[in-house]
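All chains should be modelled from the sequences, with the hints used to inform the complete structure.
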Amino acid sequence: MPITETHDLHKRRFGRNLGVALSLVGFAAIVFGLTVAKIREGASMEAFDHTPRVSITPPVETGQ
Amino acid sequence: MTDLTTNTTAKAAEGEAGFGDYIALLKPRVMSLVVFTALVGLLVAPVQVDPMIAFTAILFIALGGGASGALNMWYDADIDAVMRRTARRPVPSGKVTAGEALSLGLWLSAISVAMLGLATNWLAAGILAFTIFFYAVVYTMWLKRATPQNIVIGGAAGAFPPMIGWAAATGTVSVEAVLMFALIFIWTPPHFWALALFMKSDYHEAKVPMLTVTHGRAETRRQILIYTFALVPVALGLGLTSVAGPVYLAAALVLNLIFLKGAVAIWRRAEAQAEADAYAVEKRFFRFSLYYLFLHFGALLADAGLRTWGLA
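So the protein sequences, as listed, match chains A and B. Mapping of the first sequence onto the UniProt record's numbering: position 41 corresponds to residue 41, and the numbering continues sequentially without gaps. Mapping of the second sequence onto the UniProt record's numbering: position 270 corresponds to residue 270, and the numbering continues sequentially without gaps.
Errors might be hidden in some of the hints.
What the hints assert, rightly or not - Cut-off 25 Å, straight-line C-alpha distance, at most; resulting in silico cross-link-like pairs (SDA-like, lysine to any residue):
id : chain 1 : residue 1 : chain 2 : residue 2
1  : B       : K27       : A       : S23
2  : A       : K38       : B       : A129
3  : B       : K27       : A       : G15
4  : B       : K27       : B       : E205
5  : B       : K27       : A       : L18
6  : B       : K27       : A       : G19
7  : A       : K11       : B       : D21
8  : A       : K38       : B       : V173
9  : B       : K200      : B       : R84
10 : B       : K283      : B       : A230
11 : A       : K38       : B       : L59
Quick caveat, the hints were computed from the structure, so don't treat them as lab data. Only a predicted model underlies this, so the values are computations on that prediction, with no experimental measurement involved.
Have a look at this one:
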């Protein structure tokens, strides 16, 4: 049976399949939104950029 | 392909499940109470939560509640088929198989607990997991068919959402969260027993021990009064915590007075009197019990709003 032919089964299950599809799209959107929110929460974190990070280098003794 | 066609034709004749039937497995009406109370628990907490994280938390708390509903419908399919009120549910009506309900319940439980843990913290996720376990196993499998106290202990499952919302925001459980839990927990028995008094239910045929059947209607009236008296200090006690303010205190005073008055009226009535006026007092008490809970949590939300705007 060619895949393009619409079977009675496809028509009857359209609503259910659409519901599942929308649920999956919604879930992906939530995971994406949550990721953005979590990254925004941790805004103060620094990425590795191949240079010494000032915030983690110990303070230099002035020798007085 | 032939097999599939034959199978589905036969299934279509008896009514194939649509997406809505799977939604019905999640008990959407119960979910609305879960969403509202969990939202209040999360919003009244003294911690600002990112809106996206708050939305995700509420969604998966609701989905966890729905999962326990699906597990309940899987296990109780035999009882549901006997009772008129529940005979048209997806499993007893044959639209969804018991196996499908079980697997949907288990998968949604796992997804909702994992997602709540990732979105907020593992304490909130742990309480959600316990809530699902409590409703599906402790209430549905152990208590419902064994004791007329099923409503009392099972009510705990419906009482956890505000505590989960609070834990999602703060990462802890404090006296405020415990009192919000207690408010719903002690409210549940008078709410359901009032319904049981005027709903001539077929629990008896389904062999589910309901207090009205096992201990009689007079005892049920007495128990409604006892639990309503126990509810008053909890409701007022919540008014003395940090989450409440003038709106809650005023609302709690008025609502508890009306609720107590109704419980006393129910207790003083004889069965013949109730039958004569078609259970008017019991029906009014039941309707008011819905407003009672909604307004208590609504008042907490109003006070949180006043604090946010610097008015309290």
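Query - Holds or violated: B/K27 to A/L18, with C-alpha atoms at most 25 Å apart - result: holds, 21 Å
Query raised in the report: B/K27 and A/G19: Cα distance at most 25 Å?
Result: holds, 17 Å
Query - 25 Å Cα cutoff - pair B/K27, B/E205 - result: With Cα atoms ~23 Å apart, B/K27 and B/E205 stay inside 25 Å; holds.
Query raised in the report: Given the proposed pairing of B/K27 with A/G15, does the C-alpha separation stay at or below 25 Å?
Result: holds, 20 Å
Report task. Sort out whether B/A230 lies within 25 Å of B/K283, counting only the CA atoms. Result -> holds, 21 Å
Report task. Take a quick look at whether A/K38 and B/V173 sit within 25 Å of each other, Cα to Cα. Result -> holds, 23 Å
Query raised in the report: Does A/K38 pair with B/L59 here, judged by a C-alpha cut-off of 25 Å?
Result: At roughly 17 Å apart (the allowed maximum being 25 Å), B/L59 and A/K38 satisfy the hint.
**Report entry** Given pair status - A/S23, B/K27, alpha carbons within 25 Å
**Finding:** holds, 17 Å
Query - Restraint status (C-alpha distance of A/K38 to B/A129 at most 25 Å) - result: Distance of about 23 Å is within 25 Å: holds.
Report task. Would you mind confirming whether the straight-line C-alpha gap from A/K11 to B/D21 stays at or under 25 Å? Result -> This hinted pair holds, its Cα atoms lying about 17 Å apart.
Query raised in the report: Do the alpha carbons of B/K200 and B/R84 lie within 25 Å of each other, as the hint requires?
Result: holds, 11 Å
Checked against the numbered hints above, the structure breaks none of them.
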